[in-house]
Structures are given as C-alpha cells and as structure tokens.
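Starting from the structure of chain C, add chain S where the hints point.
Keeping their order, the protein sequence lines are chains C and S. Following this note's numbering, the numbering of the first sequence begins with 1 at its first residue and continues without gaps. Following this note's numbering, the numbering of the second sequence begins with 1 at its first residue and continues without gaps.
Mixed in with the good hints, there may be bad ones.
[Said to hold, decoys possible] To give a feel for the contact side, a few chain S residues facing chain C, derived at Cβ under 8 angstroms:
#	residue
1	A81
2	V96
3	G107
4	M118
5	V396
[Said to hold, decoys possible] Computed footprint of chain C on chain S, listed as stretches where at least three residues anywhere in the stretch have a Cβ under 8 angstroms from a Cβ of chain C:
#	stretch
6	97-104
7	347-358
8	460-473
Since the hints were made in silico from the structure, they are not lab data. Owing to the predicted nature of the structure, the values given are computational and were not obtained by experimental measurement. All C-beta atoms in this analysis are idealised placements derived from N, C-alpha and C, irrespective of residue type, glycine included.
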Amino acid sequence: MAVEAAQELKGMAPRRTVHPGAWWLWSLGLAAAASRTTNPLLLGLLLAVVGYVVATHRTDAPWARSYAAFVRLALAVLSIRLFFAVFLGSPVPGTHTLLTLPEVPLPDWAQGVRLGGRITAEGLVFALYDGLKLATLLICVGAANALANPARLLKSLPGALYEAGVAVVVAMTFAPHLVADVQRLRAARRLRGRPDRGLRGLAQVALPVLEGALERSVALAAAMDARGYGRTAEVAPAVRRTTAALTLGGLLGVCAGTYGVLTAEGGGYGLPVLLAGLAAALAGLWLGGRRSPRTRYRPDAWGVRAWLVSGSGVAVAGLMIAYAAHDPAALHPGVVPLTAPAFPLWPAAAILLGLVPAFAVPAPPPPGSRPAHDVPHPRPRKELA
Amino acid sequence: MIRFEDVSVTYDGAAAPTVRGVDFEVPEGELVLLAGPSGVGKSTVLGAVSGLVPHFTGGTLRGRVTVAGRDTRTHKPRELADVVGTVGQDPLSHFVTDTVEDELAYGMESLGLAPDVMRRRVEETLDLLGLADLRDRPIATLSGGQQQRVAIGSVLTPHPRVLVLDEPTSALDPAAAEEVLAVLQRLVHDLGTTVLMAEHRLERVVQYADQVALLPAPGAAPVLGTPAEVMAVSPVFPPVVGLGRLADWSPLPLTVRDARRRAGGLRERLTAVEPESTPVAVGTRAPAPLPEPPTAGRTGFFRRRRSARPAGTGDAPAPGTPAAVTDSLTVRRGRVEALYRVSLTVAPGETVALMGRNGAGKSTLLGALVGLVEPSAGTVRAGGAVPHRTAPRDLVRRVGLVPQEPRDLLYADTVAAECAAADEDAGAAPGTCRALVNDLLPGVADDTHPRDLSEGQRLALALAVVLTARPPLLLLDEPTRGLDYAAKSRLVTILRTLATEGHAIVLATHDVELAAELAHRVVILADGEVVADGPTAEVVVASPSFAPQVTKVLAPQKWLTVAQVRRALEGDR
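Bound conformation, chain C alone (with noise of 0.2 angstroms):
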C-alpha cells in the first residue's frame, strides 16, 4: 500500500479535470448564499452566475443534460408556489387587492384553510420572492450535476464504503437507460400504429421496459462478477477484529458524544467524545479498506484549481451570511408595506465572486464527436446521380 501510495504522488500524474467536490461545495456555497435572501436582484444575479459557469464549463455528457431538467423543475415549484398563493391564499396581509375569485364557504372545522378569495399583491410578491430562492437552489443542485460528473464524486470514497458507492453508480446510471427503453418502446408502440403519445401509450410499455431492466441487471451483475468485482483480500484475524471494534466503539462515541454537546449537562465531556468518537470511526474505516484489495485509477487529484473553485463557493456563502447578520433588511426587501427592491451593492459584489470558476477553470473541448461535420463553414455539394 505504501509504495503504491508512493508511485501515486510521484509519477501518476492527476487527469486535468477539476475535483467533482470541488464543483459540489462551490454550487453548495452558492446554494447556502441563495437561502440567505429574498432580494429578486440577488437571486437573479445568483441564477446568472451560475448559469454562465455551466453554460461555459458543461461537457457534453449525457449527465451534464441534467442541467435543464433542473431548470424545469424550478419553474415548475416556482410556478406552484404561486398556484398556492392564488387558490389557497397568503398567510400575509395587504391592502393591494389585484382580483377577488369566489371564495368556496368551508364547514368550521377547516377553519384557518380558505379556498379561492381576495388575491393581494403584497401576497403574490412574497410567494414570488419564496419560489424563486427555492428555484435558485435547484438550479445550484442542477449546475452540480452538470459540472461534475456524481459517479466520479463517489469514487472518492473510503475503499470500505466502496461497495455502497458502487452500488449508487449502477442504480444511477440505470435511470437513463430506462429512460432510453422508454424511448425506444415508444417509438416501437408507432411502428405498430398505435399511438406514442400519451399516458395509455406509457402505461403499456411499462411492462417491457422494467422486464428489460431487470434482464440488464441480471446481466450486469454477471458481467461485473466476472471480472473481479467482491474479491476480498485475505486479512489477519487481529485487524478483523480491531475493525470491528473500532467502528462499533468509534459509532458509540459519536452518539454518546452528540448527546453531550447537545445536552445542557455534558457540555463538558460531549465535544471531546465525540471527537474521539470520530476518530474512531474513521480509523475503523480505513482499516476496513484493507479487505477490499482494490486500487484507484489516476484518483481525481485536488489542486490549485480545486481550492480556487470550491473556495469561491465558501467565500460566497460566507459573505452572504455574515452580510446577512449585519444587515437583514437589505437581503429580504420588505413586502408589507410594498416596496421596491434595493440592490445591496456588497452582497451583490460577493456573489459575483461565485464567477471565480469561469476564469480559473479551462473550458471543456468543444465536443467535437465526428469533427468533420462540426466546421462551420458549409459543405462543398456533392453532385449525386
């Protein structure tokens, strides 16, 4: 183990791609940052910074397309935020009425709950301003997904957790390829002539599809037995037992040491318990490692670029919340009475940091899968008889 840990830091040289982490606490920052505030300004500016790193840095794989079903599926919580507050009413008080719609009368005992009503502006504005920070977080967890690649991020694991990890991988790649099934079946259902669409049409490819997937999981599960997945390396009694009792002291520890800190009794003995406890556990784990004879392929390395890039997402969250401890008001512009948003110029200034990545990260290749087709410039014709 030493020596390859050796031949690790000199010769290996780390793949040119940023640590996925570090893509993960940056949009993480930025997604901390948005849950600070419900300026629209902010969160726009927020929602525009992220965008540009994604749209400047996502590769063309098929897990960076999940950037935009994350995009939809803000607008469609946002959109329901504001259902509600229509139909169900707004906890907030206003004076603005923009429209009545006819309230259905409810027995008594669905007293607090209202149908339909006076519909304020000073309500809509808040739902509004509540849709979009919890929109602006999707879109944080979405550009996640799209910058780095989640099966990668899980290859950091310890090697005991590796097993676990691997399992996440099959199951998320399984996704797409059901959906793909989906897809096909469907266009299968139209060669039949019957119709693709609709709910009938997926209803009965239903079947199929997860008869398929099955199938292809048996047949994964045999090709990943085949070569060499669950070897176990053979392990001294002595270290098998020292795991065991590391783990289960060092989870002890932790519980024990949890209750403590948060306890007014312990504050004494809580935080080093829990440390210890930790310790522990963690010990356990890397011990555990030791079963599983697996090595890593070029590990993703975390360098310069990785602190730049998850460093400007904690600095953004930073500033945001000690901006927010020092002035409340300006991060949550008032709805009653109704006023205009203001631009807090330093928060704005902090979240603009959250552009670091665009500039310290190289672009991706342009995907170019067959490079002649992708010139600009058109085609000579071609003359066909």
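What follows is chain S alone, placed relative to chain C:
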C-alpha cells in the same frame, strides 16, 4: 489451458441437458472457434469457462471444467477474473462505469493492480484498439462498434490468459470487425492469449481459428478438429467453403487467398457464362420512373401527396409511384449531422441494401422513412405520405420497420395474443397475422411466449406482425444479427418472395453476403452522406470491404453468390 472433462449442463426445469458430452481441451495460445447453428448451447459452453455457468445462471453442471488449473467448481467467477476475460453478446450490459477510460480501468481496479501499471495498460489498450480519441467520451454516446471495442478492451487490460467472446463481430461493420479480429490475432500471436469464441459469421473468423469446435445439434457432443476438417462436415459454413464444396476442392479453402489460388479452373469454366444481371429474380413491376426534379416546391409536393394517396386501406401504391423518396434529406442530432443531403428513390419490387460503417446514418435513414426521426431539412415520403406527420394507424399500411431488436415490437405473452393485437392494430381481418406466422414460422404453437423463441424465430414473428398491415415499403434494420446460416437463408427466401410480390424492401445491414444474395441495389452511406449508389454487382465489386467472398475469389468476373455460380454451372452442363 481450458479443459472440459465430460461436461453436461442441465438448466433448472429443463427436461434434457442443454449440452452433453463436452470433452475437449483448448491448449495455451490457441484461438478456438465454437461453431454451430443457433440454440445448440454455444453460450452455455462459453459461460462454463468463466464460471458463470452454473454459479450465476443456476442449473447443474456435471463433469469438470478447469481453467489454468483452477476448477470452476471451487472457484467463483470473481476468483477467475484474473485468468478469464469474458465479453457477452450485448456490450451495453457489460459496462459498469460511464466513461471509456474508467471502464478500461475497472477490471484492474477490482484486481488491485498498482496505479502506474493500470495507467500504462490503459494507454496501451487505448492504442491497441484505436480508442485514444474516445478516452473521455461517455460510453452511452458511442456507436455499436466502438462499444464492442471498449468491451473487449475492458477485459484485456487485466491481461487475462484466456479470453472468452460471444459473437464479438456480429454487430460490427466489416471494417470494424476486421479491426477487432486483427487485435485478437495479435493477442494470440504476441501474448500467447488463449481465445475461445462463438460466432455466426464464419466468413469473418474461420481463417483465424487454429481449431474449430462444432456443436452440430442440441445435446450432441462437439466435434473438434482443424477448420478445414470441420468445415467439410459442418452444417454451417462460410461462402468460400460453399464454393470449395461446389468445385470439389480438397482440402477445402478457408481464406479468399487459398480459394483464389485454386480458382483458375473454375474461372475458366465460368468465362463462357455471363453472370445474371441481378442476383435474384427481378420484380414483376417495371422500375418506377425517377421523381420530378427537387425544384418541386412545398405546395406542389402537398398536392401530389393527396393525389397519390392510395384509395383502399391495404393497397400498394399504383405502379409507377416510387415506394419511398427522400430529397436532400438532412437530419441533425445535437450538433452532428446524422444525415446530410440524402436523395434516394426506391421503386416497388426493388430491394435496396444500405451499407456503411457503424454510425454512418443507416438507422437514422430508416427512422426518417418511418417517421421516428424528423428531418431538419429536405423532404421524405414513404408510400406517398410524409411519415412524421402521418398518424401511426395510417402509416403502418404504408411502411413497416422491423427494428434492430425485434422483441421491441412484441408486447404480448403468447404468439396468438400478439397476432390478434397485430390484426387489430392494422385493421386487418382476424387471422391475417396468424396465417403469415404459419408461412414464415411453421410449427410454432399459439401459446409460445415470444421470449422463448430463438433469435431467428423472433425476427420472423416481428416480420409477420409488420406485414399484417401489408405495407408496400418494408424496412429492416440489421436483420441477420444473431442468425445462423439456416435462419438467414429462410429469411432470404421470404424477402425474395415479398419483393416479387411488389414490396419495396430497404435493409440496413453489415452482412455483405446477405446484400449480395438479396439486393438489386446497394447504397453506401458514410458520415451521413450517400457515397455510392448503384446495382449490387457494380458497387460491391468495386469495394474491397463490401465485396462478398465469392466476388473476391472470382474477380475480375462479377459473381456474387455461391447459388449464382451453381446455377451457371448447371446451365453450362
């Protein structure tokens, strides 16, 4: 290296053993080809080597299989992973990771090789299989041939001493298949790897084999011998062997080169006779006139579409109307042009073979003809209708497609239910589909589950389902993948009959022998463009990779198939 000792395998619930009396040895560093008709248990024999039979599939294995001295009885597949590399029939179900480079490294990671060794072997394998440009590509975006090469590469990287391959070239175009076979040849010669593979397309592989193990019938013991010996008695054989048998050459030639050396006499006998102009009986209808020049605008096109509409539901278009026309058809997929300015006319009764590399746009063209793919520019018409704007119910009576995976078309759990559904879908009289099934697939019981049919039977059932609506234009995507020679010749007979009845047939295929037997015309696509379009004899004779074996042996004379030569010789006598 691999030793079978009186092995028989019985799957759970099966009445008789799937394979019986398998008793042979594969010496180290040999390439052994497992041949035989479909359903004789080739995959079972291959699975027994990697230990997947019976550890994974269940069933009972009697006898003993040892690989590099390890008994598969006591070693699970994962404990054999360092000596045996296995690639199954479907490369897609083989992949664990999602990019090419990770996939190549996966097996080595499982075995715990050192990182620098892994890196070196991944680079070597990328070069060996010509995958260097694809290293970062997601596997899902690769073409079939590329995926097959990645699958082979992924089992090569741990440097196994034994490779087990199930139909490694069936899904590949001729050039890609030759590439893969050249790699295997190099592994056998330079690294001493032992290879055991099953393959239906004997014309591609038999000359590389050191020995052939023939499974002549289900449950029959295998016959082992040199390729020439086994081919002399085998029920399945490539065209070059067929030609050798016809001309009584002994020993039988296995390669085009061997055959050419002996073919002097045969060529002389054949100089007197001219090859028939087309390999098959020409359709009864006269070829359709060419369509109007593409300057006909949109309005004119719509007017024509209405007037050309067939009156009855199941009628073929009037003679003279082309069955399919594309005009400057361009299809864009993302940023890639899958088809670029393809203009093609197919007349009723004409059989056209679409050939070209994996990913050249053959399937896209078929998809456009049947309305699955919308053109980005240009026009497409099939049976007088614009496919992607026609309701599916109406379209099935104009054009039918048998997809690459025929089972996609089959939903029901019995053949009878499938037929009833097909009659209803097509609006045909009850029993129409069943009658077709009886013709194409005699002896299949009503209550058989489509999944239990063999590859060839499933294809015939899907064909029957499509033909129920009597579409004047029939499209087939890779119809011979996984078919043995017997099933293939049945398919050829069926398609010829359909062509003489006036059906226009377009088939996308990699199988040059099929194209030679069946097609009046060959269209070669490359990178989404038509690069050659002409009578089969002219196009394939001119192309080294698309020429069938008989053509290569008898060049410069333009013969295409053994049957053609046989007819000529009989007529001569």
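Hint check results:
Interface restraint check for A81 of chain S: the shortest CB-CB distance to chain C comes to about 3 angstroms, inside 8 angstroms, so the restraint holds. Restraint check, V96 of chain S versus chain C: the minimum CB separation of about 6 angstroms is within 8 angstroms; hint holds. The restraint placing G107 of chain S at the interface with chain C holds, with a minimum CB-CB distance near 5 angstroms, inside the 8 angstroms limit. Hint on M118 of chain S holds. Least Cβ distance to chain C is approximately 5 angstroms, under the 8 angstroms limit.
Using the Cβ-Cβ criterion of 8 angstroms, the hint placing V396 of chain S at the interface with chain C is satisfied: the shortest such distance is roughly 3 angstroms. Restraint check on the stretch 97-104 of chain S versus chain C: 5 residues with Cβ-Cβ distances below 8 angstroms, three needed, restraint holds. Chain C is given as covering the stretch 347-358 of chain S, and this is violated because 0 residues of the stretch bring a CB closer than 8 angstroms to a CB of that chain, at least three being needed. Residue count for the stretch 460-473 of chain S with a Cβ under 8 angstroms from a Cβ of chain C: 3. That meets the three needed, and the coverage hint holds.
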